[in-house]
Amino acid sequence: MAKHRSGWLTIAVLLALGILPPIFLWSGQAFYMDLATRLVILAIAAVSLNLLLGYGGMVSFGHAAFIGIGAYCVGIPSYHATYGEFDVIATYSGWFQILLAVAVSSLFALITGMICLRTKGVYFIMITMAFAQMVFYLFVSLETYGGDDGLVIDTRSELPLVNLDDPLQMYLLCYASLIATILIVRTIIHSRFGMVLQGAKDNNERVVTLGYNTYLYRLTAYVISGALCGYAGALLGNFTTFISPEMMDWTRSGELMFMVILGGAGTTLGPVLGSMIFILVEEVLSHFTIYWHLPFGIMLIVIVLFIRGGLMGLVTGRTN
Amino acid sequence: MDVALLFIQMFNGLQLGLLLFLVASGLTLVFGILDFVNLAHGGLYMIGAFICASFTFLTGSFVWAVLLALPVTAIVGIVIERTVIRHLYARDHLDHVLGTFGLILVLDTSTHLIWGPAGVAVPLPAWMDGRLELFDGVVVPTFRLLIIGTGLTIAAGLFWLVNYTRLGMLIRAGASNRTMVSALGIDIQTLFSLVFALGAVLAGLAGMLISPITEASIGMGNEIIITAFVVIIIGGIGSMKGAFIAAIIIGLIDTMGRSFLDDLFKIVMSTEAAETSAPAVSAMLIYILMALILALRPQGLFPPKVR
Numbered sequence: 001m002a003k004h005r006s007g008w009l010t011i012a013v014l015l016a017l018g019i020l021p022p023i024f025l026w027s028g029q030a031f032y033m034d035l036a037t038r039l040v041i042l043a044i045a046a047v048s049l050n051l052l053l054g055y056g057g058m059v060s061f062g063h064a065a066f067i068g069i070g071a072y073c074v075g076i077p078s079y080h081a082t083y084g085e086f087d088v089i090a091t092y093s094g095w096f097q098i099l100l101a102v103a104v105s106s107l108f109a110l111i112t113g114m115i116c117l118r119t120k121g122v123y124f125i126m127i128t129m130a131f132a133q134m135v136f137y138l139f140v141s142l143e144t145y146g147g148d149d150g151l152v153i154d155t156r157s158e159l160p161l162v163n164l165d166d167p168l169q170m171y172l173l174c175y176a177s178l179i180a181t182i183l184i185v186r187t188i189i190h191s192r193f194g195m196v197l198q199g200a201k202d203n204n205e206r207v208v209t210l211g212y213n214t215y216l217y218r219l220t221a222y223v224i225s226g227a228l229c230g231y232a233g234a235l236l237g238n239f240t241t242f243i244s245p246e247m248m249d250w251t252r253s254g255e256l257m258f259m260v261i262l263g264g265a266g267t268t269l270g271p272v273l274g275s276m277i278f279i280l281v282e283e284v285l286s287h288f289t290i291y292w293h294l295p296f297g298i299m300l301i302v303i304v305l306f307i308r309g310g311l312m313g314l315v316t317g318r319t320n
Numbered sequence: 001m002d003v004a005l006l007f008i009q010m011f012n013g014l015q016l017g018l019l020l021f022l023v024a025s026g027l028t029l030v031f032g033i034l035d036f037v038n039l040a041h042g043g044l045y046m047i048g049a050f051i052c053a054s055f056t057f058l059t060g061s062f063v064w065a066v067l068l069a070l071p072v073t074a075i076v077g078i079v080i081e082r083t084v085i086r087h088l089y090a091r092d093h094l095d096h097v098l099g100t101f102g103l104i105l106v107l108d109t110s111t112h113l114i115w116g117p118a119g120v121a122v123p124l125p126a127w128m129d130g131r132l133e134l135f136d137g138v139v140v141p142t143f144r145l146l147i148i149g150t151g152l153t154i155a156a157g158l159f160w161l162v163n164y165t166r167l168g169m170l171i172r173a174g175a176s177n178r179t180m181v182s183a184l185g186i187d188i189q190t191l192f193s194l195v196f197a198l199g200a201v202l203a204g205l206a207g208m209l210i211s212p213i214t215e216a217s218i219g220m221g222n223e224i225i226i227t228a229f230v231v232i233i234i235g236g237i238g239s240m241k242g243a244f245i246a247a248i249i250i251g252l253i254d255t256m257g258r259s260f261l262d263d264l265f266k267i268v269m270s271t272e273a274a275e276t277s278a279p280a281v282s283a284m285l286i287y288i289l290m291a292l293i294l295a296l297r298p299q300g301l302f303p304p305k306v307r
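Chains P and F, in that order, give the protein sequences.
So the first sequence is numbered by the working numbering: it starts at 1 and just counts up by one.
So the second sequence is numbered by the working numbering: it starts at 1 and just counts up by one.
Worth flagging that the hints you see were computed from the coordinates, not collected in a lab.
There's no promise every hint is true.
With a straight-line cut-off of 25 Å between C-alpha atoms, the simulated SDA-like cross-links for lysine to any residue are [what the hints assert, rightly or not]:
no.	chain 1	residue 1	chain 2	residue 2
1	F	K266	P	E85
2	P	K201	F	L94
3	P	K201	P	E85
4	P	K201	F	K266
5	P	K201	F	H93
6	P	K201	F	P298
7	P	K120	F	A295
8	P	K201	F	M284
9	P	K120	F	K266
Chain F stretches covered by chain P per the calculated footprint, using a threshold of three residues with CB under 8 Å from any CB of chain P [said to hold, decoys possible]:
no.	region
10	92-102
11	109-122
12	281-289
Just a sample of chain F residues kept apart from chain P, beta carbon distances all over 12 Å, derived [to be verified]:
no.	residue
13	L14
14	S54
15	V63
16	L105
17	D136
18	G157
19	M169
20	S176
21	S182
22	I186
23	T271
24	Q299
Only a predicted model underlies this, so the values are computations on that prediction, with no experimental measurement involved.
Even for Gly, the Cβ is constructed at its ideal location relative to N, Cα and C.
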């Protein structure tokens, strides 16, 4: 029963996300379309984080780094295509930029993951956070790409069939990407690989005794998650046409983590629901007062103290 | 390379290291005993700086301001512990992280509400504001010397407290077996509050000491907290000795890297390449060091024996 309820809710929410924003746009409410695009992109990142946090039990506190890497992989080639130098990567081609974003994020995930996953618990939380901060400072120190001030992307990625300068096409691409990401994560979770991953979360020793090298499974999941999140970053860079180190500040990673927990870690819809609530609350509160972080912070604390299992937990009546 | 400059940078590195130690010691203390990850520790560093700034304008003396601000910071720490932190001890680390993340937003915004968006500069008394010639050609600000002196004194005091007092004995016992300590009739809640307040005071003091140099500003805690985390990861979480050694190493490497890495790079590459790559590498230096140490010792340099 509970499972059915969450299944229908998932379909309903995803359908609404597909139908409502275009209607907003046609009725002249372009602002809501922007909001929805940002929401959907963040939801992709949250879904990718959920693979680690919810199913793999790996509390990554550095996922904003992948968003930043993805966004800079769009911005830097585009910058060189406009202003010259670095001909090897200078291009507006969306295929190249997105491929670069995914490749660089995967590589970063592989290298840092190899070190992070040797540690457990609180060490893992802090190390993922520290590595993200490393990337943050790296981009702060790169004066060519604006350093602290960031970089305006003059030309969006050029893709066949879709024109990213058109808000509706941009949104539909992000929406389709979200659906694809959800399906990818679902497929992984229900595969043998996903079973091992979830088993290792619950009882690592038992799974190791069964003959699985859980380190490799976790590392693979870490790389997949990083790649998906890097892709979300490439979309975000294209959407905002502005990239700055601020995108990967550690508080961004915290927000991302909160979206997953708020919605319900380890559920299909949870991260999407979490990012919806997050964006909406942020939007509403910041409308009333410039001090909106205060009620927001209090809300976070109250949720951590009292609502366990996230919103999906409330829906299905199941709390972790 | 200029020897006087080298010495001055080492001096600055030592000062940064000792400030980092003040922040990291509280963090490692709270983690070692309470098994609690406190992201909001940097918030106490910031609060300490702002309270000290207000008292400086009220009393007209920086020294009085620090003396008054220390107990006030302790009270803020205790209030935070009673209202939020205490309810999270029994939860897992993920909940700690999320709860204290919310706390950071509350602290930052409250500071914004009380003191306004701009930073507050803290004036020093004239006798602290001078410069001192240590030896030929090496001139250092008196106040930085004072920070180093204070840092070393606190480090010695903490070492004494943890190793040679009854409270320290309880702290060490609490770190290795909490249940046993409370079974022996020790009021563990009060001990926890005390430890948390101690950590708050240490972080607050670090904020007060840095405020005349950088001014008190919103978000100052969020910058130092990550470096403090790197320090305790390298040192071994929960180890006071590890925190001290790692803090000094990080302080020195970070400062030296920023000032001398480009000269070093120029030996092996063109001037232009060195000047573009050195800032990037020096910004990442401490994280690279952390990665190297963790690749060899996943528990840090001095992991506490019993956990």
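> Just checking, F:M169 versus chain P, shortest CB gap more than 12 Å?
Replying inline: The claim stands: F:M169 keeps its Cβ more than 12 Å from every Cβ of chain P (closest is about 25 Å).
>> So F:L105 supposedly isn't at the interface. Is its beta-carbon more than 12 Å from every beta-carbon in chain P?
In response: violated, 3 Å
>> Using C-beta distances, would you say chain P covers the region 109-122 of chain F, given that this needs three or more residues below 8 Å?
In response: Satisfied; 4 residues make the cut.
> Holds or violated: are the alpha carbons of P:K201 and F:L94 at most 25 Å from each other?
Replying inline: holds, 14 Å
> Is it the case that F:L14 keeps its Cβ farther than 12 Å from each residue Cβ in chain P?
Replying inline: F:L14 clear of chain P: closest Cβ-Cβ about 22 Å, beyond 12 Å.
> Per the stated criterion, does the least C-beta distance between F:S182 and chain P lie above 12 Å, as a non-interface residue requires?
Replying inline: Check passes; 22 Å lies beyond 12 Å.
> Minimum Cβ separation between F:S54 and chain P greater than 12 Å?
Replying inline: Consistent with the label, F:S54 stays out of reach of chain P, its closest Cβ about 19 Å off (over 12 Å).
> Does F:G157 really sit off the interface, with its C-beta more than 12 Å from all C-beta atoms of chain P?
Replying inline: holds, 27 Å
> Is the Cβ of F:T271 farther than 12 Å from every Cβ of chain P?
Replying inline: holds, 16 Å
> At a Cβ distance under 8 Å, does chain P reach at least three residues of the region 281-289 of chain F?
Replying inline: Three-residue rule met by the region 281-289 of chain F, so holds; n is 5.
> Taking 12 Å as the cut and beta carbons as the points, is F:D136 off the interface with chain P?
Replying inline: holds, 34 Å
> Does P:K201 pair with P:E85 here, judged by a C-alpha cut-off of 25 Å?
Replying inline: violated, 47 Å
Hints 3, 4, 8, 9, 16, 24, counting from the list given before, are not met by this structure.
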